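Here are the chains, one letter per residue:
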Amino acid sequence: MTDFTPFQSLLGGALIGLSAVLLMALHGRIAGMTGILTGVIPPLSPEWRWRAAFLAGAVAAPLLYQIVGGHIAFSVPVPTLALVVGGFLVGIGVHFGGGCPSGHGICGIARLSPRSIVAVATFMIAAFATVFIIRHAIGG
Amino acid sequence: MNKLVSAFLIGGVFGLGIAVSGMINPAKVLNFFDIAGTWDPSLIFVMGGGLAVAFAGYRLIFRRRKAPLFEPSFALPTKRAIDTELVGGAAVFGIGWGIAGFCPGGAIPALGLGYSQTAIFVAAVIAGIVVARFARARLAQPAAA
Chain A
1 MTDFTPFQSL LGGALIGLSA VLLMALHGRI AGMTGILTGV IPPLSPEWRW
51 RAAFLAGAVA APLLYQIVGG HIAFSVPVPT LALVVGGFLV GIGVHFGGGC
101 PSGHGICGIA RLSPRSIVAV ATFMIAAFAT VFIIRHAIGG
Chain B
141 MNKLVSAFLI GGVFGLGIAV SGMINPAKVL NFFDIAGTWD PSLIFVMGGG
191 LAVAFAGYRL IFRRRKAPLF EPSFALPTKR AIDTELVGGA AVFGIGWGIA
241 GFCPGGAIPA LGLGYSQTAI FVAAVIAGIV VARFARARLA QPAAA
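Chains as they are written, first to last, in my numbering: chain A, 1 to 140; chain B, 141 to 285.
Hint data in this document are derived by calculation from the structure and do not stem from the laboratory.
These numbers come from a predicted model, not from an experiment.
Think of the CB as a built atom: it goes at the ideal place given N, C-alpha and C, for glycine as much as any other residue.
Just to be clear, a hint being listed does not mean it is correct.
If you want the footprint, here are the derived chain A segments under chain B, 3+ residues with CB under 8 Å [what the hints assert, rightly or not]:
hint	segment
1	17-30
2	88-102
Here chain A is said to cover these stretches of chain B; the calculated rule only asks that three of the stretch's residues, wherever they fall, bring their Cβ under 8 Å from a Cβ of chain A [unchecked claim]:
hint	segment
3	143-155
4	160-169
5	233-241
6	258-270
Use the sequences and the hints to build the structure in full.
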């Protein structure tokens, strides 16, 4: 079980939205983790430096939040094999699909991009179906 | 302000949002997708909060400004096609998301919590991106070689 956290989730979501707005206003870029991560995988994008800085900030923030006393619930309820297989599929999928929940889900839908709306509908349905099959059809 | 410092701080806001919202936690993400079981609808609020701010903020930016502060122009996606690559890629991503419970935006900030499982997932994502890049470069070339 995980706790239902409407207020923290709304606040956290607003911060994710704020980072998307700031990245567009200051750098003119979409705050999509797929694009930002891909830009620092060799062969490097010519603009890898700001992407590396963004990634470093994203990694540092939860660490600092914990250091100042914030609590972050975290548990991985799947075996290592699921992380390897799931991660590999995620990598293939975000490359061909052109984005993930941050890029398509927040930035793309905020721009009312038809591509993003189709992508989000597709990956949500796929994820709901996958979890249903694993937890109820197979795992029962 | 330096461009890299700015990107670092904006990445920090993103990572903090991921942590506070619960997107950092694979158990929470998987429970969101488990309507028939231990359903946790919190992620609807993450999406709602993120979209409300981004929707309003983007409109304000594009109405008020011709260019971003640090760059000569906005770099917006130019692709319009809704094709097999988009839908197939999104479907494969969704399956992987449902298997692992992590997405890239959740996993990168989670690296800061220092669990080896996160590093394993991120390494697998990078491997997937590298393989997909290679496959796409091959597919794009004409058959003759």
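Comparing the hints with the structure gives:
| no. | hint | result |
| --- | --- | --- |
| 1 | 17-30 | holds (count 14) |
| 2 | 88-102 | holds (count 14) |
| 3 | 143-155 | holds (count 13) |
| 4 | 160-169 | holds (count 9) |
| 5 | 233-241 | holds (count 9) |
| 6 | 258-270 | holds (count 12) |
Figure legend: structure checked against the earlier numbered hints; every hint is met.
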